[in-house]
Amino acid sequence: MKEQSLTRAKNPLVRFAISNAVPILFVVLLIFAIPLSGFSSDYLINEIITRLGRNSFLVISLLIPVMAGMGLNFGIVLGAMAGQMGLIFMLDWEVVGIPGVLLAMLIGTPIAILLGLLAGTILNRAKGREMVTSIILGFFINGVYQLTILYGMGSFIPITSNKLLLPRGYGVRNALDLLTIRKVMDNMWVMKIGNISIPLGLFAIIAALCVFVVWFTRTKLGQDMRAVGQDMQVAATAGINVDRTRTLSIIISTVLACFGQIIFLQNIGTINTYNSHDQVGTFAIAALLIGGASVAKATIPNVFIGIILFHLTFIVAPRAGKELLGQAQIGEFFRVFVSYGIIAISLALYAWRRRVEKETERRRAKAAIKAAMEDKVGG
Amino acid sequence: MKRNVIRVALIIVLIALGVGLYVLGKNHKIFIDNKDTVLTNVQYFSENAFSVFIDGNEVVEVGKGKRKVVYSPGPWHTVRAIEKLPDGTTREIIGRFSLASGDTAIINLPVLASGKDGWLSIEGE
Numbered sequence: 001m002k003e004q005s006l007t008r009a010k011n012p013l014v015r016f017a018i019s020n021a022v023p024i025l026f027v028v029l030l031i032f033a034i035p036l037s038g039f040s041s042d043y044l045i046n047e048i049i050t051r052l053g054r055n056s057f058l059v060i061s062l063l064i065p066v067m068a069g070m071g072l073n074f075g076i077v078l079g080a081m082a083g084q085m086g087l088i089f090m091l092d093w094e095v096v097g098i099p100g101v102l103l104a105m106l107i108g109t110p111i112a113i114l115l116g117l118l119a120g121t122i123l124n125r126a127k128g129r130e131m132v133t134s135i136i137l138g139f140f141i142n143g144v145y146q147l148t149i150l151y152g153m154g155s156f157i158p159i160t161s162n163k164l165l166l167p168r169g170y171g172v173r174n175a176l177d178l179l180t181i182r183k184v185m186d187n188m189w190v191m192k193i194g195n196i197s198i199p200l201g202l203f204a205i206i207a208a209l210c211v212f213v214v215w216f217t218r219t220k221l222g223q224d225m226r227a228v229g230q231d232m233q234v235a236a237t238a239g240i241n242v243d244r245t246r247t248l249s250i251i252i253s254t255v256l257a258c259f260g261q262i263i264f265l266q267n268i269g270t271i272n273t274y275n276s277h278d279q280v281g282t283f284a285i286a287a288l289l290i291g292g293a294s295v296a297k298a299t300i301p302n303v304f305i306g307i308i309l310f311h312l313t314f315i316v317a318p319r320a321g322k323e324l325l326g327q328a329q330i331g332e333f334f335r336v337f338v339s340y341g342i343i344a345i346s347l348a349l350y351a352w353r354r355r356v357e358k359e360t361e362r363r364r365a366k367a368a369i370k371a372a373m374e375d376k377v378g379g
Numbered sequence: 001m002k003r004n005v006i007r008v009a010l011i012i013v014l015i016a017l018g019v020g021l022y023v024l025g026k027n028h029k030i031f032i033d034n035k036d037t038v039l040t041n042v043q044y045f046s047e048n049a050f051s052v053f054i055d056g057n058e059v060v061e062v063g064k065g066k067r068k069v070v071y072s073p074g075p076w077h078t079v080r081a082i083e084k085l086p087d088g089t090t091r092e093i094i095g096r097f098s099l100a101s102g103d104t105a106i107i108n109l110p111v112l113a114s115g116k117d118g119w120l121s122i123e124g125e
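Chains as they are written, first to last, in this note's numbering: chain A, 1 to 379; chain B, 1 to 125.
Fair warning: there could be bad hints in the mix.
Stated by the list, open to error - Examples of chain B residues toward chain A, derived with CB under 10 Å:
#	residue
1	V23
2	K26
3	P73
As the list claims (entries may be wrong) - Below, computed lysine-lysine pairings styled on DSSO-like, alpha-carbon distance capped at 27 Å:
#	chain 1	residue 1	chain 2	residue 2
4	A	K163	B	K29
5	B	K68	B	K2
6	B	K68	A	K163
7	B	K116	B	K35
8	B	K29	A	K183
9	A	K192	A	K163
10	B	K116	B	K84
11	A	K127	A	K297
12	B	K2	A	K220
Bear in mind the hints are in silico, worked out from the structure with no lab data behind them.
Where is the CB? At the ideal position from N, CA and C, for every residue including glycine.
Take these sequences, add in the hints, and give me the full structure.
And the structure:
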């Protein structure tokens with residue numbers, strides 16, 4: 001009873017606080033952590049701007065599967081792997097600058113489409129358990145990726161550059177330098193305000209992606225995805241090909257994640273060949289959830305609020321930990337704990353809300369039936 | 001049928017785009033020689049140092065008898081060499097050249113400074 005009164009609170013302030021509990025928690029945390037860290041505002045703003053440019057594409061790639069009712073797509077690691085393969089070929093062919101980044105995207109796209117198709121097909125067979133299935137699928141494809149990179153490249157996949165190959169002649173080295181494309185997208189068009197650099201070119205691309213997502217939700221396919229997300233059976237009755245729609249949402253998400261990973265790595269300037277993609281899904285999902293999204297609803301503002309709050313925590317936590325407890329390592333542990341913890345809390349909150357809603361619906365239906373029977377008896 | 005035609009056309013466009021990006025972004029190795037050389041029975045001597053700009057990139061200082069290497073992307077290139085004359089003045093020479101993908105260029109500065117052809121030799125991969 002008390003749970004119901006919490007979710008159905010009449011006071012709008014209480015309702016707002018309940019539905020935005022996670023972002024509010026982080027804001028409160030940051031209010032204490034930022035002064036403790038001792039970082040200047042210029043430094044923090046610069047860092048946040050860089051991280052917004054670096055991560056937005058990856059986090060936005062999660063929106064479409066949420067719309068299609070497939071939850072948080074942990075399978076974006078598949079797209080990240082496709083992007084990394086594109087980058088390896090780009091490095092081998094010695095293509096540099098913006099054309100290099102675009103070529104890596106072009107090479108990564110068909111790989112991402114194929115992986116997205118595979119993921120979509122598998123997730124259609126695991127309806128209702130998409131998130132855990134996509135996590136395991138990510139592990140599986142990671143194995144295939146490692147096998148391909150470690151044994152296939154340089155043997156049956158032609159890679160000729162000695163800078164990329166292991167001394168034995170096949171397999172790609174553990175760390176690859178991306179100096180030839182480092183920050184090319186960030187430096188395309190930069191505006192300086194005092195000590196703060198704003199990568200306008202990259203932000204324009206991210207804005208275009210946001211416009212695409214908004215436009216996409218209004219197309220026939222976007223509406224179909226919403227319908228499928230709300231109720232698959234009703235959507236199927238309305239003549240929508242549910243499985244195809246769900247598969248398309250995963251393919252789009254995987255391709256966007258492929259682009260996102262390339263943008264991310266060009267900003268970093270190195271690829272950790274065998275594990276750059278490992279944490280991509282976790283961090284992107286944690287950022288989206290911290291922004292106030294849930295498994296069933298995610299919007300563009302959630303993306304940006306989430307990235308700002310999550311990465312501010314990332315930046316200030318080690319220093320705040322050091323100032324508070326004398327050890328920066330504690331701050332590092334804290335941020336890993338925060339990423340996984342927030343996913344767990346959000347999923348638990350979502351499950352709790354769903355349970356309360358179902359219970360409320362059940363009670364209402366029961367009351368309606370009771371009232372109808374009383375009317376019948378009275379009449 | 002129409003759908004298949006569109007799909008094939010899209011694939012062709014994407015491959016063409018890939019080839020275009022490869023040509024535009026392919027990095028070329030360019031050697032800059034400031035060495036004595038003989039060309040069609042004429043000897044050219046390396047007498048002065050040069051400051052060289054390839055495609056407006058960072059300056060490369062090439063001393064007498066030295067060779068430097070730079071990397072520059074794309075098929076079209078411009079070399080701007082500033083010769084430091086013994087009297088303290090400078091002289092600017094500009095040359096243009098194009099490279100196919102996989103080509104390596106060798107620029108001979110004494111020949112370029114003389115204004116004669118043959119300052120560029122291209123080696124395929």
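A quick look at each hint next to the structure:
With a cut of 10 Å, the hint placing B/V23 at the interface with chain A holds, because the nearest CB-to-CB distance is about 8 Å. Of the supplied interface hints, the one on B/K26 holds, with its beta-carbon coming within about 6 Å of a beta-carbon of chain A, less than 10 Å. With 10 Å as the threshold, the beta carbon of B/P73 comes within range of chain A, its nearest partner Cβ sitting at about 5 Å, so the hint holds. A C-alpha spacing of about 15 Å is found between A/K163 and B/K29, which places the hinted pair at or below 27 Å, so the restraint holds.
Between B/K68 and B/K2 the alpha-carbon distance is near 55 Å, which puts this suggested pair outside the 27 Å criterion. Distance hint between B/K68 and A/K163 is fulfilled; the C-alpha atoms sit about 21 Å from each other, no more than 27 Å. Of the supplied pair hints, the one linking B/K116 and B/K35 holds, its CA atoms being roughly 16 Å apart against a limit of 27 Å. A threshold of 27 Å between alpha carbons decides the hint, and for B/K29 with A/K183 the separation of about 22 Å falls inside it, so the pair holds.
Taken as a hint, the A/K192 and A/K163 pair is broken in the structure, with Cα atoms around 36 Å apart against an allowance of 27 Å. Distance check on the hinted pair: B/K116 and B/K84 sit about 19 Å apart at the alpha-carbon level, within 27 Å; holds. Taking the CA atoms of A/K127 and A/K297, the gap is about 18 Å. The hint holds against a cut of 27 Å. About 21 Å separates the Cα atoms of B/K2 and A/K220, which keeps this hinted pair within 27 Å; it holds.
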